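*Asks:* Respectively, the protein sequence lines represent chains F and G.
The first sequence lines up with residues 1 to 306 when you count with the numbering used here.
The second sequence lines up with residues 1001 to 1525 when you count with the numbering used here.
For the record, the hints were derived by calculation from the structure and aren't laboratory data.
Only a predicted model underlies this, so the values are computations on that prediction, with no experimental measurement involved.
Take these hints with a grain of salt, some might be off.
Computed beta-carbon distance windows for the label pairs [to be verified]: (1) G/K1414 - F/R51: 17 to 27 Å; (2) F/E45 - G/R1413: 15 to 25 Å; (3) F/Q139 - G/P1031: 41 to 51 Å; (4) G/E1262 - F/F144: 20 to 30 Å; (5) G/P1267 - F/R157: 13 to 23 Å; (6) G/S1484 - F/L141: 48 to 58 Å.
Just so you have them, the derived chain G footprint on chain F, three or more residues with Cβ under 8 Å [said to hold, decoys possible]: (7) 33-39; (8) 77-84; (9) 87-96; (10) 147-158; (11) 162-172.
Ideal Cβ placement from N, Cα and C applies to all residues, glycine included.
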Amino acid sequence: MIRFILSRVFQSLVALAILSVVVFILARATGDPLHLILPMSASEEDYAYARRYLGLDRPYVEQYFSFVGKAVTGDFGTSLRARRPVSELIRERLPNSLRLALFAMCVSLSFAFPLGVLAAVNKGTWIDRTAQVIAVLGQSLPTFWVAIVLVEFVAGRLQWLPAGGISGFASYILPGFTLGWFVVAGMMRLLRSGMLEVLDSEYVKLARVKGVVERRVVWLHALKNALIPVVTFAGIYFAILVTTAIVVETVFAWPGLGRLAYEGISSRDFPVIQAVVLTTAAIVAVVNLGVDLLYAVIDPRIRHAR
Amino acid sequence: MRSALHIVTMSLLFVALALVPATAGWAQVKPELSVALSSFSTEVLDPVLGGHIVKYYLSPMFDYLVGTTPEGQPSRDGGIAMRWENSTDHKRWTFHLRKGVKFHNGDEVTSEDVKFSLQRAMGKRSTTGYAGPLRTLIQDIETPAPDRVVIVTKEPTLIIPTYLSRTLSTEGMVLPKKYIEANGDDAFARKPVGSGPYKFVEQVTGSHIKLAAVDNHWRIGVPRFKIMTFRLVSEETTRIALLRRGEVDVADVSRERVAELEKEGYPVHFRKEEAILSMYWVLPRDGQPTADKRVREAMNLAVDRAEIAQAIFAGKADPASIPLGLSWSFRDIGFKVTPEMVYPYDPARAKKLLADAGFAGGFSQEVYAFQLPGLPEGKAFAEAVSGYWQKIGIKTKIVPLDYPGFRKIWVDRKAPGAVGYYNIANRDWIGAYALLEKMAYTPSKANDTVGDPEIDGMIAQVMRQTDRDKINALMRNIFTRLRSEHYGVPVVYLHSPYATSKTLGKWNPGSVMYDLFFDQLASGK
Chain F
1 MIRFILSRVF
11 QSLVALAILS
21 VVVFILARAT
31 GDPLHLILPM
41 SASEEDYAYA
51 RRYLGLDRPY
61 VEQYFSFVGK
71 AVTGDFGTSL
81 RARRPVSELI
91 RERLPNSLRL
101 ALFAMCVSLS
111 FAFPLGVLAA
121 VNKGTWIDRT
131 AQVIAVLGQS
141 LPTFWVAIVL
151 VEFVAGRLQW
161 LPAGGISGFA
171 SYILPGFTLG
181 WFVVAGMMRL
191 LRSGMLEVLD
201 SEYVKLARVK
211 GVVERRVVWL
221 HALKNALIPV
231 VTFAGIYFAI
241 LVTTAIVVET
251 VFAWPGLGRL
261 AYEGISSRDF
271 PVIQAVVLTT
281 AAIVAVVNLG
291 VDLLYAVIDP
301 RIRHAR
Chain G
1001 MRSALHIVTM
1011 SLLFVALALV
1021 PATAGWAQVK
1031 PELSVALSSF
1041 STEVLDPVLG
1051 GHIVKYYLSP
1061 MFDYLVGTTP
1071 EGQPSRDGGI
1081 AMRWENSTDH
1091 KRWTFHLRKG
1101 VKFHNGDEVT
1111 SEDVKFSLQR
1121 AMGKRSTTGY
1131 AGPLRTLIQD
1141 IETPAPDRVV
1151 IVTKEPTLII
1161 PTYLSRTLST
1171 EGMVLPKKYI
1181 EANGDDAFAR
1191 KPVGSGPYKF
1201 VEQVTGSHIK
1211 LAAVDNHWRI
1221 GVPRFKIMTF
1231 RLVSEETTRI
1241 ALLRRGEVDV
1251 ADVSRERVAE
1261 LEKEGYPVHF
1271 RKEEAILSMY
1281 WVLPRDGQPT
1291 ADKRVREAMN
1301 LAVDRAEIAQ
1311 AIFAGKADPA
1321 SIPLGLSWSF
1331 RDIGFKVTPE
1341 MVYPYDPARA
1351 KKLLADAGFA
1361 GGFSQEVYAF
1371 QLPGLPEGKA
1381 FAEAVSGYWQ
1391 KIGIKTKIVP
1401 LDYPGFRKIW
1411 VDRKAPGAVG
1421 YYNIANRDWI
1431 GAYALLEKMA
1441 YTPSKANDTV
1451 GDPEIDGMIA
1461 QVMRQTDRDK
1471 INALMRNIFT
1481 RLRSEHYGVP
1491 VVYLHSPYAT
1501 SKTLGKWNPG
1511 SVMYDLFFDQ
1521 LASGK
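The whole structure should be built from the sequences, with the hints applied where relevant.
*Replies:* What follows is the structure, encoded as structure tokens:
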């Protein structure tokens, strides 16, 4: 088991190292941030001074090793745009993204569970077909469109819920629903297929033969086993929700990591871009590692096979 | 029964009496002004090191050395300097400071603070728009008394007070010397201390900036709003929803949503001609078709400005005729756009001019298309102009790119003859002069879009001139020549709409660059 864990940790570190090189190069390929920071009247001397002051005049290799050396200690440098330590900005934004992702996950689970189970139990009926339609809508409606429609009608016209910003529980509902809605479809389909497989298994048939009430068979005996892939999948989805909420955070004026990334990219703020990409990659790596470990714990065959 | 009626009547009367003063009080002092903006620029609260262009949330926090009315005229009531005078040689400017003004930390504002602020604004780390010209201009800053500052210039000049006023950038903001020296730049940027009517409370980057009113301020009296919050809301649908829900009082909106909001009863305030949307060619011009004046004129005549104003900018724009023609400066210098200067839409004449210039078969023209802050219509605009040019035979090629990418091509002069554009913020005569010095002056090298020795000579004279009438004449001549030589394709003046809540009342967003005068809106005077 320890060998398995060490092997997965090593793989994650290699992936992060490769990513750090890629993001370092790509961030610089977008152009010179000084064109956005300095005024139009800035002279060549002003550019040279700013480049020196911000450490952008050093060779790329030197800049990269300086960045990596500091990053491993949690120091991602200073934002070129906000003039604040990037680690401070991440600390300010990450909890907002985590909270929103958690809320969205709760939303998606609370929809996916009943829909998935009902669709499986009522296979081929109108309930199943309705659930399928919901699944298709969830995956086919663009997030930005859903977000704008909700803001325009639910917040703006009907005035039922806040339109943006963080101001208590109510402000989580629209962004959380928008973000979670996309996940509902995948989770529901996974749960439906899992349930169909389990409902057809011998132990479920035996439970029925023994006279166990159908509701108990479905919601207790079958669901428990059908949940395994869903729970592990939910972990991966959670990481995705934290790291891909740029659109939702922008529309709902949510000060999270996604918006920080957007602001960093649009202002060519290298330290911010690098830090956000590496932080999100680390989150994905940690969650993937956790999921792998969970699989290994649940199913010893996986552990031994590796 | 009588007793029950009595109790009910007395109760209603009591409720009514309790409500009346509460309602009246609410009407007089709304506790918070909330403003939703699409962009905060850099979000750095240090006016000097922030790479700032916008002053919306800085102006309520800081005082300027020289005040300005919302219409951009110097005001002795709005700045730390109550009066100022110059020596006969126009090289020494003495500013007399208002006494008893205090920073939010209790320190008194003195001439040392003014000197420190100006030196900081001119320093190498300064990212303010006019640090360079001030460095060139100012020789020394003297502080003969706590309430007196003398600025000594290298050359005679008239423009010092304007440079240090609210009209331009942030160089004139007075910062607390002791506080910054004791706590450092970073601490100041995180917790800024000014002397304006509102003091800093909280900033959450990417979300909001919150300010709280001082009890009473010499600029605006007792502020109408105890709290002023600026919320960063990039998406327009969200800003409008916030306005409808009453969560914000002011929101910048797009031109195409104006009719809908006005129909719903939301007052929409316009900053008339807030920017000129102008196209220009990347220099050098040598060897390019646009080296021929007739080609430049043809490209101007080919564009139907009225149609662009209507179709792309929802009628909230007006045709422009003067390249780099910042119209807020026209009133200062007495410049008038005559009917002859207005470009008609005349594709037939445009074609003839091209033929006369030897380009009857047209020529290839790259047009860079990009979005700009405050101009979501950018790409559509570029495509429309490109379409008009195609109609007269010019083979345009749209090159999609982001603005910083184009800016690099422009200043590095990597694509001579290519066309780009900018929505240049309107400004008064000194601001217009400063812009001309950047974009129409050969010595400014990279940023120049004109390359005309005659204009270079006039711009150089303005800085040294101390007779205001002669300055005005020079400025008028510069604009006249820019127009007669067709140095660029001025297309439209853009009007910028700001929607407000139905109860906000009168507000004059003024005509000063990147300032919306929210402190005036909060004025209790």
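*Asks:* All hints, please: hold or fail.
*Replies:* The hints, checked one at a time:
1. For G/K1414 and F/R51, the hinted distance range of 17 to 27 Å is satisfied, since their beta carbons lie about 19 Å from each other.
2. Taken as a hint, the range 15 to 25 Å holds for the pair F/E45 and G/R1413, whose Cβ atoms sit roughly 19 Å apart.
3. For F/Q139 and G/P1031, the Cβ-Cβ distance of about 45 Å falls inside the hinted range of 41 to 51 Å, so the restraint holds.
4. Separation of G/E1262 from F/F144 is about 27 Å and conforms to the stated range, judged on CB atoms against 20 to 30 Å.
5. For the pair G/P1267 and F/R157, the beta carbons lie near 20 Å from each other, so the given range of 13 to 23 Å is met.
6. For the hinted restraint 48 to 58 Å between G/S1484 and F/L141, the CB-CB distance of approximately 56 Å keeps it satisfied.
7. Counting residues of the segment 33-39 of chain F whose CB falls under 8 Å from any CB of chain G gives 5; the rule of at least 3 is met.
8. A stretch counts as covered by a chain when three or more of its residues have a beta carbon under 8 Å from one of that chain; for the segment 77-84 of chain F and chain G the count is 4, and the coverage holds.
9. Using a Cβ-Cβ cut-off of 8 Å, 3 residues of the segment 87-96 of chain F lie near chain G, which meets the minimum of three, so the contact claim holds.
10. Taking a C-beta to C-beta cut-off of 8 Å, the segment 147-158 of chain F contributes 6 residues in contact with chain G, enough for the three needed, and the coverage statement holds.
11. Judged by the Cβ-Cβ criterion of 8 Å, the segment 162-172 of chain F is covered by chain G as claimed, because 5 of its residues qualify and three suffice.
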